[in-house]
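Fit chains B and C to the supplied structure of chain A, relying on the hints for placement.
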Amino acid sequence: MPIASSSARVAISLHGVTIVQQGKGVLPDMNTSPLARENAQSHAPATAGEAAAAVMPKMQTESLSIYYGNFRAVADVTLPVRDRKITAIIGPSGCGKSTLIRSLNRMNDLIAGAHAGGKVMLDGEDIYASGIDVVDIRRRVGMVFQRPNPFPKSIYDNVAFGVRLYGRIPKAELDDIVETSLRRSALWDEVKDKLKQSAMALSGGQQQRLCIARAIAVEPEVILMDEPCSALDPVATLKIEELMQELKQDYAIVIVTHNMQQAARVSDTTAMMMMRADRAGEMIEFDETQIIFTKPRDKRTEDYVSGRFG
Amino acid sequence: MVVTKPLSTKLPTPLVRRMFQHGDVPFKIIIVLATLFTLALVVGVGVMLWLFTSVTRMDLGFSFVTSKTWNPTGSQFGALPFVVGTLITSILALIISVPLGVGIAIFLAELCPARLRAPLGVMVELLAAVPSVVFGLWGIFVFVPTVVKPLGNFLKNAFGTSGDVIDLPLFHGPFYGFSYLAAGAILAVMVLPTIAAISRDVLLAVPGSQREGAFGIGCTRWEAIWQVVLPYGLSGILGAVILGLGRALGETMAVTMVIGNVAQLSGSLLSPGYTMASVIANEWGESSTPAYASALLEIGLLLFIMSVLLNLLARLLVWSVQRRNPQQHA
Amino acid sequence: MARGTMTDPPNPAARTTEADVADTQAIRARARQRRVQASMARERVRRVTNAVMLGLTGLATLLALIPLVWIIVDVVLLGAPSITPDFLTQSFKPASLGGGGVLHAIVGSLILVGLASVMSIPIGILAAFYVVRNPNTTLGLAVRFGTDVLAGLPSIVVGLFVYTLLVVGRSYSALAGAVALAILMLPIVLRTTEEMLKLVPDSLREGALGLGAPEWKTAFSVLLPAALTGVLTGLMLAVARVSGETAPLLFTALGSNVLSSALNRPIASLPLTLFVYATQPDPIRHAQAWAIALIIMVIVLALNIGARLIARHRAM
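Chains as they are written, first to last, in the working numbering: chain A, 1 to 310; chain B, 1001 to 1330; chain C, 2001 to 2316.
Here chain A stands alone, though its shape is the one from the complex (with noise of 0.2 Å):
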């Protein structure tokens, strides 16, 4: 999000927060955008516009195995993830959830042994292709983790904390940054007269907001959360979920959850998991969520979500 030219800096300035907090404004037209035309590539036209999006999946998995040495642990994935809505993965434990959604932004390279088969494609673009840089998918493709995990610093700089890394920017506009990413993540107003104390001292759901925040701050295009309430109590869980439908206006998020009635009450589309003989995740069913939770066509997804299944 920093810069290092200071004619970026006029533009984050211009359009960056002050557009966020103002609503709509001044925005680069996205049909005659050069910079928009470059990043689309290809697969999706420069002419996209909502129509497109609604076509085009702003990530999908194509054909996707994830191997730990000779292991599978997933296979023949292909999902797509649309974008500004929820898309739950389900099914149960050891079926390969976790792995999958890490595989979305390639968290899974950091497990020695780990590779892929298949395609992840992010905006028609395979992250898993040879000289694709890593760190940039990470970036665009944002993680919430299972357990929060601040990183023990002030609530200010685990916000400030991704958008440091880009360069030095002034320190009004990282306020601005961390105040907006607060405000976006329904924080602000919990720890705005806090924000030097250090993130430690949070509630656990209010940690996880914060990681959130922390996440939503660099920008992404996707924001991959792996069981994110597991260890919140009910009143954090509905705060979290509250917040996944503010920012699913903006963002593609994919939920990876055991909890069936967490999926049906967020999600818009719902990926079924389930683990093969050969010990193999896979997905059976891939649809609108409210079918999946009503009429599913397999029948191993009706006896899970009606809870017939261990």
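Incorrect hints may appear among the rest.
To be verified - Ranges between beta-carbon positions, derived for each pair: (1) B:1118 / A:69: 11 to 21 Å; (2) B:1118 / C:2044: 30 to 40 Å; (3) B:1113 / C:2093: 52 to 62 Å.
Hint data in this document are derived by calculation from the structure and do not stem from the laboratory.
C-beta: ideal position from N, C-alpha, C; glycine also.
This is chains B and C only, laid out in the frame that chain A set:
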């Protein structure tokens, strides 16, 4: 402990015989005695050294550590040159070994392939197993002539008296190889494994979720290590550095063999000197008077006090990290 | 509460849908624009820093291996030629008579280290029993801290302590030397035994006690054997540590040129002899010093590597 009681009530035997048969009471007494003995040793070191240094403590008091004249034949005992020598060599050792040691810890804990981690770790630890006197031998005949001398001469020419680059008092005076520089450099090698091994353990105890968090917002590997993992384990690494310092302060043989052994107060790294430990080792055989022996013992007492304080500090720091994530420390 | 904050005027969530869509596009366009612009200079700096610093850590590791390899190579090359049958079977002779051998020092070292082991091992193991069973009593905590302090004491301080205890008023002696080494071994023995005993499952102890075995018998015939390899590892490391110790012996065993096994007289040891020879201006003694260094290094490295192999064997 409770379980044994019913058994003995079922078999009523005379007390002595019962104790002989089961032996639990003597056993408990013995293990408590062994424990007390261990504890007594620690206290004993301080007490005995305190008692045996009364001569110089009474006569000189605090001026023992502030006086810079060490002239045993004239009964002048000022330990300042040795305190300063210890500080110079130890700090020099840390300046060299801390960046290297932390670098090694990072490599072993964060980067190196899992199957290389154990063998490389063992090799680093083996360096710590090399006896001080062997370091000293190697120092005298190999390290000082081939590494320290050229390095010292370079420093002298570049920064010494009317040096080519800049004139620094740190590199003044004549240079013969055996010097603070030699002692500090060999100490750096000796404390390196301590700092590296403990820092590695500290880094391995940093929860993986911290790394995930860093990678998750687009950190490069180095940024994740430098800005997240290291700060998280900072107090533990500080503890490792302090333990390294503790080892450097008390290291005797290798230092005695390469430092040149001259009782003078000098601010130049190139001049020969003494550390507290090396003056004791080197002059012990000559300590003919009670005051001389007492003075050397008092230097030992100072070493004892410094060592206890440093250990206390280091353990507190290392514990503070391990306590923060006990589940990670397996 | 969360909802409440969402109604604040500057909040992005309060936008209408069409404007929202356009706005989102704008946000992303800007984010990308920034990325593209930032990615020129700054990104290169980040990538280069990453590569350079990671490379440096690898380099540091390599650098640390250099002295180890260098010392080992020198000790072998310079020490091996002097290791002859005579060197190992003769005692000290003046340099004019060829210098003799180091039998006296080998015997002295064996006596010192053996005696130190005999003293420190029982006390260390017994105290470890206490610490494992009473880790949080005042005494338990005190001795754990005391062990740390003892382990961190400069060995020269331990030497001075034993001097005040056993040498003053008597004479330098093998016994005093062995006591000094024993004090240095004690914290290592205690610590490793404690760690290993802690790993023995409680069920094992309860099982033995449940069968009516007395506490001490349980300790020695059930717990200790179960922890044996670990304890052995600790012992080997402790022996390795004191086999090369020199400084404390300067004030206790003193050193000697004669073959002796008397405990109340000064005695030679390998590291002491090495120190004396290395600091004499005599090439014969220097060669002998390297040979002694080779003997010590073989012992120390063998014990260290052996201890680790045993520990790993146990772990598997």
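Evaluation of the provided hints:
1. B:1118 / A:69: 11 to 21 Å: holds (19 Å)
2. B:1118 / C:2044: 30 to 40 Å: holds (36 Å)
3. B:1113 / C:2093: 52 to 62 Å: Once the Cβ atoms are compared, 53 Å apart, the range 52 to 62 Å for residue 2093 of chain C and residue 1113 of chain B holds.
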